[in-house]
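Those sequence lines, one after another, are chains V and W.
Once you know that position 22 of the first sequence is 21 in numbering that gives the first Met the number 0, the rest is easy, because the numbers rise by one and skip nothing.
Once you know that position 99 of the second sequence is 98 in numbering that gives the first Met the number 0, the rest is easy, because the numbers rise by one and skip nothing.
Rather than coming from a laboratory, the hints here were simulated on the basis of the structure.
Fair warning: there could be bad hints in the mix.
[Unchecked claim] Calculated cross-link-like contacts (lysine-lysine; reagent style PhoX-like; alpha-carbon spacing at most 25 Å):
id: 1; chain 1: W; residue 1: Lys414; chain 2: V; residue 2: Lys278
id: 2; chain 1: V; residue 1: Lys160; chain 2: W; residue 2: Lys525
id: 3; chain 1: W; residue 1: Lys320; chain 2: W; residue 2: Lys359
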Amino acid sequence: MPLIVKLLAQRIALGLILLLLVSGLIFVGTMILPGDVAQSILGQSATPEALENLRAELGLNDPPLQRYIQWLGGAMTGDLGTALTSGADITASIAKRLSNTLFLAFWAAIIAVPLAIFLGLLAVRFKDRWPDKLISAVTLASISIPEFLIGYVLMYLIAVKLRWFPSVAMINDSMSLGDKLSAIALPVTVLTLVVLAHMMRMTRAAILNVMQSAYIETAELKGLNGFQVIFRHAFPNAIAPIVNVVMLNLAYLVVGVVVIEVVFVYPGMGQYLVDHVSKRDVPVVQACGLIFAAVYIGLNMVADVVAILSNPRLRHPK
Amino acid sequence: MNDHLQYLARHAAAGKLSRRDFMAKAAALGFSAAAAGTLLTTEARAAGPQKGGTMRIGLQGGSTTDSLDPALSTNQVTLMLVRLWGEALVELNDDGGLDGKVAESYEASADAKVWTFKIRKGITFSNGQSVTAEDVAKTLERHSGEDTKSGALGIMRGIKSISAEGDTVSIELETPNADLPYLMADYHLVIQPGGGMDDPAAAIGTGPYIIKDVDMGVRIVAEKNPNYWGDIGHAETIELIVINDNTARVAALQSGQVDLIDRVPPRTAKLVDRAPNITVHSTSGPGHYVFIMHANTAPFDNKDVRMALKYGINRQEMVDKVLNGYGSIGNDSPINSSYPMFTAVEQREYDPDKAMHHLKASGHEGEILLRTSDNSFPGAPDASALFQQSCASAGINLNVKREPNDGYWSEVWNKQPFCTSYWGGRPTQDQMYTTAYLSTADWNDTRFNNEQFDQLLLAARAELDTAKRTQMYADMGEIQRDEGGLICPMFNDFVDATSDRLDGWVENAKGFALMNSYAPLRMWVKA
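Start from the sequences and build out the full structure, keeping to the hints where you can.
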């Protein structure tokens, strides 16, 4: 088996094992939460009989290992159970919320990733001159300000004063794509500002690192201009760390946008999770935790796979 | 009055002239903004409600975990939903009395033990079924069964039997209760076909709207019920958006995305009101913020300690600084003028000398521990700090301990001897006292145990003569204010806001926020 296939298989297997371990942690973590689930559903005035009935109904009397295996088996076949609070099917309700979150993350990524890499390249090209300093100053400022504050400021200027885009990013099925994009314009802008600096700085640093190499000097001596050197010789060799940071930020766009969702009233996963945590709706919390973990592990795995594939020494072993 | 101005006002009221243009023209004619504004409002009311249009409202409190079952309704959003699609037997009117809804009329037996409600003729549920006495009886039964999860269970406990006969429903009580009709106005008790026993969350009722699209905790759309019997529900479509973040809710109103919001933060309400197209409405209500002492636990079992603290609080300062003026001062009683049988008593003032005198008389020395948290009421830690300072001037050493929000209601409130809390109030004195001041009440959070008070409460409940009842409540108020463990510095106003797309707001409607949640039904969209 070629080395690279073996490496990839190893990496993917590692990701799956990690996910399995995390699922165990999530299950144990939600189990040791203070408070009995049946008690928190029925409230203080519950009679002992009612509590016992509900416990049996929820399968809380089975041994933990059996419950874990049942839960995991269900999750793998797409059955995440039903919410305790509303009795709704979790898979169906999460599917809708997750698609909203992915919709927002997708458009934020479409704008932020190319922009960050382009700005990074630009900063390298004009290193230590004013474009570099300006780009660094602006992106660092935008990452330093708390995201909800950027959200409020944009909301005040763009939604309340100029009225270009709505302040409430409410989307639903009856809206056209154009309406939806207009609705999410503000949150996408805020998310772009938040993730831009990290990716742009990493692009800049990784490429500058490569720029010290001997082959860059050769390329310059060949007579290539600045951008050609960066784009054709430096960038492909710096791709692994850049993809890494891009994936981390994409993961953030999916799992870390609770605050933005609340500020812009966006019906995504974050608000859904928060509502259920406050009601101690354990199956939903477990399902959300599993999905978030899967997204994080999956994107990191993609980053590693890209790093392996982009490494010529692994692609062409001696 | 200038004829031309009157003409313009009529034009503006009919929607042929924008409010801003009208104000500009009125100013050009030499009228003050206030006079012109009043004229415009009068003309708009005279023109009567306009039908049609879409009203968009942004409310706080909704959650993804909400249910359409009225029995499980707990927050402002689910309450509003119930108002849209359903109706109870009776409803509170603007004067604090009751209007019939599903019930046309009602009467009591001479001992106030049996109440008979006559069901309105010819009204139908939104599924086309006629409303029968049977439906009403079943609805009430569903909320009073032992295993019900209904939020109305507390008020249904004293019911012995419910029976339907012809077009009347009789409710027989274990003990007399003159307030029973008020209890029937509870929003959980909307009448459902078959009592909602088969499908409690079907949202089928006799209300002015029909729910079309529900995404709990996000957005709800309702359309006018074409067969509604009454004269409210003017907009064709109501779109309700859940906006829990305060700033986002205000911004949605300012940017014109919604026309009506609740809970404008008092700190920014004056700024919001300054915008030309927005009006902030402040309505006084029964809600109050409290400091509660367990009257059976040392040192609060000593009446002089309680008195020292009651004199050591500066109520006006709290209304000014914590409520930013959107409220009124309390008088250590949970009852204020929003209750039907309220009797005013002398206001207790901040008096460091008297506080010091009572503290000395009590013989108590050392610090007194007050627990508080952010969610016990908005600004509770600030209020506690103010209390600490006003107590310091009286020589009382108050120590404030900040508790975490999570678990405050299960670990601190009703457990620790001295803490901050709030009450939303109840429609009647009897309910408020029964919920929290009767010595056997579950939520007796001041551990108030006064035999005379308990006897008066039961006697007043059975008394149909309003004058006698009012006197009893006055006596109870005095006992509770002097003997009880309640320090009530302020009653918080409901602060709501509307855009000038809407008209028909009624100032100081009785009940709770948003004109007792009838604002979307009684207001209309200007054409």
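Each hint tested on the structure:
{"no.": "1", "hint": "W/Lys414 <-> V/Lys278", "in the structure": "holds (22 Å)"}
{"no.": "2", "hint": "V/Lys160 <-> W/Lys525", "in the structure": "holds (23 Å)"}
{"no.": "3", "hint": "W/Lys320 <-> W/Lys359", "in the structure": "violated (30 Å)"}
When held up to the earlier numbered hints, the structure conflicts with hint 3 and nothing else.
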